[in-house]
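K.L.:
Protein chains in written order, with the working numbering: chain A, 3 to 329; chain B, 212 to 552.
Bear in mind the hints are in silico, worked out from the structure with no lab data behind them.
Note that beta-carbon positions come from the ideal geometry of N, C-alpha and C, so glycine has one too.
One thing to keep in mind: the hints can contain errors.
Claimed, not checked - Have a look at the derived ranges for each label pair, beta carbon to beta carbon:
id	chain 1	residue 1	chain 2	residue 2	range
1	A	109	B	246	28 to 34 Å
2	A	315	B	536	47 to 53 Å
3	B	386	A	297	40 to 46 Å
4	B	527	A	97	53 to 59 Å
5	A	76	B	300	25 to 31 Å
6	B	300	A	109	17 to 23 Å
7	A	5	B	547	30 to 36 Å
As the list claims (entries may be wrong) - Partial selection, computed: residues in chain A whose CB lies under 10 Å from chain B:
id	residue
8	27
9	106
10	289
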Amino acid sequence: MAEKSNVQAVHDTLQEEFRRDERLIIIGEDVGVRGGVFRVTEGFLEEFGPLRVIDAPLAESAIVGVAIGAAVAGLRPIAEMQFADFSAPAFEQIVDEAARIRYRSNGGFGVPLVIRMPWGGGVHGALYHSQSMEAFYAHVPGLKVVVPSTPYDITGMLRSAIADPDPVIFLEHKATYRLVKGEVPDAYYTIPLGPADVKRAGTDVTVYAYGLMLHHSLAAAALVEREGISVNVVDVRSLRPLDAETILREARKTGKCLIVYEDNRLFGAGAEIAAMIAEEAFDDLDAPVMRLAGPESPAMPFNKPQEDWFMQSPEKIAVKMRELAAY
Amino acid sequence: MATAVTASRHLALGLGETDLVAMYRAMRLTRLLDQRMWQMNRIGRAPFVISTGGHEGAEVGAAWAIDRRRDWIRPYYRDLALCLALGLTALETFLGLFAKAEDPASGGRQMPGHFSDAGRRIFTCSSPVGTQFPQGVGLALAARTLGTGAVAWTFGGEGATSTGDWHEAMNFASVHKLPWVCVIENNGYAISETAAKQMVVKNVADRAVAYGMPGVTVDGMDALAAYEAARDARARAARGDGPTLLEYRVYRYMPHTSDDDDRKYRTREEIADWRRRDPIDRFAEVLDAAGIDVARRAEIDAALQAEVDAALDEAAGRADPRPEDGDRHVYATRLAEGLRG
Chain A
3 MAEKSNVQAV HDTLQEEFRR DERLIIIGED VGVRGGVFRV TEGFLEEFGP LRVIDAPLAE
63 SAIVGVAIGA AVAGLRPIAE MQFADFSAPA FEQIVDEAAR IRYRSNGGFG VPLVIRMPWG
123 GGVHGALYHS QSMEAFYAHV PGLKVVVPST PYDITGMLRS AIADPDPVIF LEHKATYRLV
183 KGEVPDAYYT IPLGPADVKR AGTDVTVYAY GLMLHHSLAA AALVEREGIS VNVVDVRSLR
243 PLDAETILRE ARKTGKCLIV YEDNRLFGAG AEIAAMIAEE AFDDLDAPVM RLAGPESPAM
303 PFNKPQEDWF MQSPEKIAVK MRELAAY
Chain B
212 MATAVTASRH LALGLGETDL VAMYRAMRLT RLLDQRMWQM NRIGRAPFVI STGGHEGAEV
272 GAAWAIDRRR DWIRPYYRDL ALCLALGLTA LETFLGLFAK AEDPASGGRQ MPGHFSDAGR
332 RIFTCSSPVG TQFPQGVGLA LAARTLGTGA VAWTFGGEGA TSTGDWHEAM NFASVHKLPW
392 VCVIENNGYA ISETAAKQMV VKNVADRAVA YGMPGVTVDG MDALAAYEAA RDARARAARG
452 DGPTLLEYRV YRYMPHTSDD DDRKYRTREE IADWRRRDPI DRFAEVLDAA GIDVARRAEI
512 DAALQAEVDA ALDEAAGRAD PRPEDGDRHV YATRLAEGLR G
């Protein structure tokens, strides 16, 4: 058992997998000499060489497109988007190509590809280093979109993502990279891509969250516990596939549901979770399904007052928990 | 004297009689299928057709340089002759035309002409052609890393060379000196837009300069010239000297697709002029020089026509895809119980 930060978990898991399987390569910007802007591939170039650790030209569509071809022809590529925001130029390769290749070839070709993307705000990243991209990709059949938020989950789910025969968008919340630490067992284990995880058991309100919002929701749950409100926190660590069974079971348990997400609210991932609960657990609800999410501005501002305005915090989440508990 | 020069051509290229007959067959089969498919569209039996007419010489020439045991091929939707030369059959072509369940490319999911064949390493086509180039470069990257000795070929039209993806692919392949051949079949039109609306430079091949890559412009109506240039490009890639941009000057006789009307953007005279340079007619000179006479060609033509007719009837009678199979092959395996997506 070792305590690791989230970013250490990504680094160590990738390194172990690179040692286990020579077919693994990583293609991205600054992944080689620099070891990645977040130090995720620190030491990789030295250990695995330039054929496997590829500093790509600054062209995200090519990074993903080349990775698709390499995956089809027998390698297991990891494509790194330096920031999730920068994946926009690769949108066509991800959505129209990677996601469809198995389908359009009627099972002839598959794309075993992991696209890693540091995402999320709260780091003074401003408009182009803070974005939530999950809703764009989670909408697409053929992709898997996962958002693990603890070192334990990151380790187990990154192993599964690398072993998966289909394209996986692997989202890593950059604000949690060094903020969140946790125990990781020494023994090898995996966590399947799909199942959600109840991170805190409670009886009054069920909260659904992922990424930094998961950790803020857990902090908020601790705040309101002193006031006698028992909060159940579900980590929605996979958006596609989405764990309907756990989501509905945990909704029925309390009858009061709050979905917290960092993205702007309209058409975000929380809308799908809310719709599922409203459609299928309606008879067990004691309050309207509520959402707490970002404002309808096109991106996150750089200045602190407006960044705070955009982001949810444990205090803001606690207000909503109290409102729902009192309903 | 002219005959002597022509005769020495195929021999100088190392092509024997068997090669020439097979090349002729592939070109003729393409032409016959093409005409029959267009006819099927016009009588209402096929909703959509893409014609290859005019491109046969370039594609078959390129196909003859491909190492079928190991190379990866990323065709585009006008590459029927290429795929037939690589082994696609008339029956498979019609299964695609009629979108039958057994269509080897996509089980009838994609439009006709969107080739795919895992066994022959013909990688599934997209409709937006530009996306294919970075993927082709990725196939080359894997070939180099795995040491398979394969060369990756990516095909497209001149319109696709305006996309960012094409330029990103050219750059990536060149920076990493990959075993890649980029083949552009420049027929002068991207639907209605002439090449002059795609680029200011005279040739697509001129664009290679910016990537420090050789760019070669070849008369694509001449199958032997097409073969020679492709052979040289492959040899360069296989030696580890990096990618080549190969531009074939060709022409498409028919509109962009069966849904297009080309009368608004080009003259009938222009088409007639290009038809006088027809790659199959020109190949007759090569056959003459090799002693493959008219009677022998007529036999081949008759056999091909019978093959096409039989394949059409056979394909038309095969099963359609079932609606309940519409969600197959979204992922490698079905999702576990309780999961959605």
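K.L.:
Using the C-beta atoms of residue 527 (chain B) and residue 97 (chain A), is the stated range 53 to 59 Å upheld?
P.N.:
Violated, at about 35 Å.
K.L.:
25 to 31 Å was suggested as the range; check whether the CB atoms of residue 76 (chain A) and residue 300 (chain B) agree with it.
P.N.:
Holds: the Cβ-Cβ distance is about 27 Å, inside 25 to 31 Å.
K.L.:
The hint names residue 27 (chain A) as touching chain B; please verify it with the least Cβ-Cβ distance against 10 Å.
P.N.:
Check passed: Cβ of residue 27 (chain A) comes within 7 Å of chain B, closer than 10 Å.
K.L.:
Between residue 386 (chain B) and residue 297 (chain A), does the C-beta distance stay in 40 to 46 Å?
P.N.:
With a Cβ separation near 42 Å, residue 386 (chain B) and residue 297 (chain A) satisfy 40 to 46 Å, so the hint holds.
K.L.:
Against chain B, is residue 106 (chain A) within 10 Å by beta-carbon distance?
P.N.:
holds (5 Å)
K.L.:
Given the hint of 28 to 34 Å, is the C-beta distance from residue 109 (chain A) to residue 246 (chain B) inside that range or not?
P.N.:
holds (32 Å)
K.L.:
Is 30 to 36 Å right for how far apart the beta carbons of residue 5 (chain A) and residue 547 (chain B) are?
P.N.:
holds (31 Å)
K.L.:
Kindly confirm whether 17 to 23 Å is satisfied by the beta carbon distance between residue 300 (chain B) and residue 109 (chain A).
P.N.:
holds (20 Å)
K.L.:
Is it true that residue 315 (chain A) and residue 536 (chain B) lie within 47 to 53 Å of each other by Cβ?
P.N.:
holds (49 Å)
K.L.:
Any CB of chain B closer than 10 Å to the CB of residue 289 (chain A)?
P.N.:
Given a least distance of 24 Å, the restraint on residue 289 (chain A) is violated.
When held up to the earlier numbered hints, the structure conflicts with 4 and 10 and fits the remainder.
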